[in-house]
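Visitor: One letter stands for each residue in the lines below.
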Amino acid sequence: MRLSKDLGEISAAQYEARRKSQRANTWITVRRLMGYSSAYILMTAIALVFMIPLLWMFSTSLKTRADIFAWPPSWLPDVPMWENYVAAFTSYPLARFMLNSTILVVLNTIGELVSVPLIAYGFARLRFPFKKVLFLLMLSTMMIPGQIKLIPLYSMYSRLGLIDTYVPLFLPSFFGNPFFIFLMVQYIRTIPRDLDEAARIDGAGTWTILYRIILPLCKPALTVMIVFTFLWVWNDFLQPLIYLNDFNSYPISVGLAFFQGRYSVEWNMFMAATLVSILPVLVLYFFAQKHLIGGISALGLKG
Amino acid sequence: MKLGRFSLFGLLAAVFLLTTLVVSAQDVVTIEWWTVNSEEFDEQVQRDLVEQFNAEHPDIQVNMTLLPASGFDERMTTTLGAGQGAPDVAFFWINNWLPQALDIEPYLEADPDLGPENYFENFWNTRAVWNDTVVGLPLGVGANFVIYNKDVFDAAGVEYPTADWTTEDYNALASQLADEETRTWGGDRPRGPYRAIWYNYGAKVYSDDSTTVDGYLNSPESVASYTWLWDLVNSGATPTPADLEILGTEGTGPIDLFIAGRLAMATLNQGHMLNLIDEGINFGIVPEPAAPGSELRHANAWSLTASIWKGTEHPQEAYEWLSYWAGPEGQQFLMENGNLIPSMPDVLATYENADTEYAQAFFEVLELPQVAQWDNAHPCKGSVMSAVSDAWDLVNLGEIERDEVQATLDSLVPVGQAALDECLTRLGG
Amino acid sequence: MLATWRNMNPLARREAAEGYISLLPWAIGFLVFTVMPVGASIVLGFTRWNIVEPPVWIGLDNYVRMFTADPMFWQALKVTGLFVLISLPLKLVLGLGLALLLNLKLPGMNFFRTVFYIPAVISGVAVSLMWMWLLQPDTGVVNTILYYMGIEGPGWFWDRNWALPSVALMSIWKVGGSAIIYLAGLQNIPAHLYEAAEIDGASRWRRFWRITLPLLTPTLFFQLVIELIDSFKIFTEAFVITQGGPLRSTYFYLLYFYETAFQNFNMGYASALAIVLMVIILSATVFVNYTSKRWVYYEAE
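Residue numbers (this note's numbering), protein chains in the order written: chain P, 1 to 303; chain G, 1001 to 1429; chain C, 2001 to 2301.
Isolated chain P, as found in the complex (with noise of 0.2 angstroms):
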């Protein structure tokens, strides 16, 4: 463990300027070498206790429904029924409601983008009177029960003849979310204000150094706020739930929902959907990442 939080410290370029600052060489690679090995070992056994849930998924949605639970149990059926993942496809639009939760997953964002770095900008940079309390009262909106807020909601948009529309799924995105907002907020206050005073005096106004100096540097907290939010606006199953009429405008968490019938779950069934259905939360976390790791240590790196 502590070889490799030491390693989490050393960068390539590190690397370099400690090789100038000591001597013994050969030491440094043997170490290098047993951390590597050690980080390696510990990861990949961390990894397997967190993917047998997803192996026994995998294994389940390829099992007939007998069995499932049949004993004693298999980890790989006689017979892998790949059909599964077909009738999993044909029984429901999946292919169209994993769109359906695309187009809200970009509507979010937009929306997100558009909202949250400039009301953090403002918690974290400008000064103001009530600034604490109003800082407080944004927290606390986290607070309440996201179900006692349904009734009063649902009065509102229906009013406003927003039902069986997607606005209510995406609107609240462009007035910020708490957390995000929080997170940004967090994020902003540890950039040095050096580059906020350097940008002042070359002229650059609050708007232009939010948007010009401060954005690039919340790279990373930018990243965590789209991977986040295509996480929760893809697995979010009340909302839509709620606001929705229109079979084929359903999300996927929607759509998952009627793999459980009244009386049972079609367990191989609904794990084949699942398995499909988180796909596409992996893959962007999977090329998101590079923009995940870099910010202000890079930038210091050079200058």
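Since the hints were derived computationally from the structure, they do not count as laboratory data.
Hints should not be assumed to be uniformly reliable.
List time: in silico PhoX-like cross-link candidates among lysine-lysine, alpha-carbon distance up to 20 angstroms [said to hold, decoys possible]:
#	chain 1	residue 1	chain 2	residue 2
1	G	1381	G	1204
2	P	219	P	290
3	P	132	C	2293
4	C	2078	C	2233
5	C	2105	P	219
6	P	149	C	2105
7	C	2105	P	290
8	C	2293	P	131
Given the coordinates of chain P, work out where chains G and C should sit on it, guided by the hints.
Guide: Just chains G and C now, with coordinates in the frame of chain P:
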């Protein structure tokens, strides 16, 4: 003058034309209908039914909203609470929704083709009538019964159970059928107290006049029921709560375990029965067992109340659709093309598998007195049961001794009474 | 407010105005999406409302009952408090540990980061079934492994003493989600600080305590507040798996709230419960916020 008359004529013609246009536009009434996709209500069959109705009724357009069964309740409660956007016609299968259901008695009386006499009487009484008003039509029927796996019985060389069996027989059979080696259990355990078996013992959670818990929750009948459960649990012939929750399904019954051949007897329902037919399992059906030395026998049976929302703007048209959907046409259609077991004797008589052994056994269960009769008249049952749930947990987890059942129930009387009192105040007496 | 405004110099006044402009979207959203529904809940907290019929005004009765005559309320509060105490520190520490591991710049890290993210992605019924299957007392994977290690595994969800830790374990498994946030925070620590420390010959352990941890405190503060709120609002795991049992050992506050509102249709009382929960979490947050002045370090200030 001529011109004047002409223009007047023209004006009249225009007005006439406009009125016809407006009237004909108004003539097509849209009815919002919410339903679910489930074992007995298949998506496509329901779409076909709507299409057929819309074709037969050019002045009514039924608009179907299909919701997942697991989210239907939240959606309905939210819309009924908001007082707007609720569907004209839908399942009102939670009793707490019924104050928002339209009294359809006037429409029924005006309808020469439909009336209470078309439905099974006990389902009409428990599902259509509420607080002396007719709140809807009972659509389809369902019931719990014990399904036994004939192959497992044959393999163990044990005789099949008969319809006149008792709870003692149940435990004895379960013990004979359990097999540690193949991890097969004899029979499952009930999913809650004060259902069919408790009522067969004559046990009630509180008095019929809804005033007293003492002497009911801890009555000799209640103690006998819990003691029977205690015996079953401690025989080891029944799956543990852990096994049931993992291998069963969402609290409705261990169907998957039964399909896997690892449970010889299970309390399941008609939806599961259809699963078993699909899977080609060799099974038989008996009602839930009676108490030893008693003839009293209840069924945990239900039908789905199909209702019109009080806030509808088109009650007449909504009734047209309701009486089609939950009337003979709809139920016949849903039975023939899907898996619905109809709540109308005349329709059920045409069931294609009516002669099979399992169907006959199922029909007999439908004739039994229902658990719902007492439950519907006692809306506080749920609150009191939840307050005294410790007794159920303690027996099921095997945490008390057999002779501690009485004391445990005695000790829960005060919390049960408090819950009953609170519920009565809340409901306004 | 006006007095403060008048005492400000033009530059500060301009900055304050810009501050309020930046907050405008949030303020509008707050009024529409929060004040309205929460205001409705506050009012409903003084009523008896079964959702389908008009509410009846009963004054403070709901609150009086809650604090004087409702053992379920106290049980739910106790269980939830216990859960917060167990899961909060574990989630904070393990999330950070995992993030430090994932921050290594090694080949193949993208794969590992994605694997650790999986638990946060799968939700709902599939996960609950999986966990019950893993933790099944007799045949589950976990107890089987323990058996080979010579340990008799506990009853997990089906044992009154183990059900709460089991739920905590489930939520800790999702720590890959919060590790991402730490990971983002780690990117904000300037590398030159490490270089300088290295030249000074500071040990790695010392560098973690002197550089990484202090500079990560803003992220830690964020995680603390968010996890605090989340832990108090624990619901889904218990709703799907334990339903509050056995013997109410996992009868979390929101579970009680949900049963009251949507199963017993006692929305007036449920609203009062929601308001009390908000007050409790808010007090805890204000307290954390108050202490934060001592331990949260912002480089910018």
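Visitor: Confirm or reject each hint.
Guide: Results for each hint:
1. Of the supplied pair hints, the one linking residue 1381 of chain G and residue 1204 of chain G holds, its CA atoms being roughly 10 angstroms apart against a limit of 20 angstroms.
2. A hinted pair counts as satisfied when its Cα atoms are at most 20 angstroms apart, and residue 219 of chain P with residue 290 of chain P qualifies at roughly 10 angstroms.
3. Our distance criterion of 20 angstroms between C-alpha atoms is met by residue 132 of chain P and residue 2293 of chain C, whose separation comes to about 13 angstroms.
4. For the hint pairing residue 2078 of chain C with residue 2233 of chain C, the CA-to-CA distance comes to about 14 angstroms; that is within 20 angstroms, so the pair holds.
5. For the proposed pair residue 2105 of chain C and residue 219 of chain P, the alpha carbon gap of about 18 angstroms is at most 20 angstroms, so the pair holds.
6. Proximity of residue 149 of chain P to residue 2105 of chain C is assessed by CA-CA distance (about 44 angstroms); at most 20 angstroms being required, the pair is judged violated.
7. Only pairs whose Cα atoms come within 20 angstroms are accepted, and residue 2105 of chain C paired with residue 290 of chain P is accepted, the gap being roughly 11 angstroms.
8. Taken as a hint, the residue 2293 of chain C and residue 131 of chain P pair is honoured in the structure, with Cα atoms around 16 angstroms apart against an allowance of 20 angstroms.
The structure fails hint 6 only (numbered hints given earlier).
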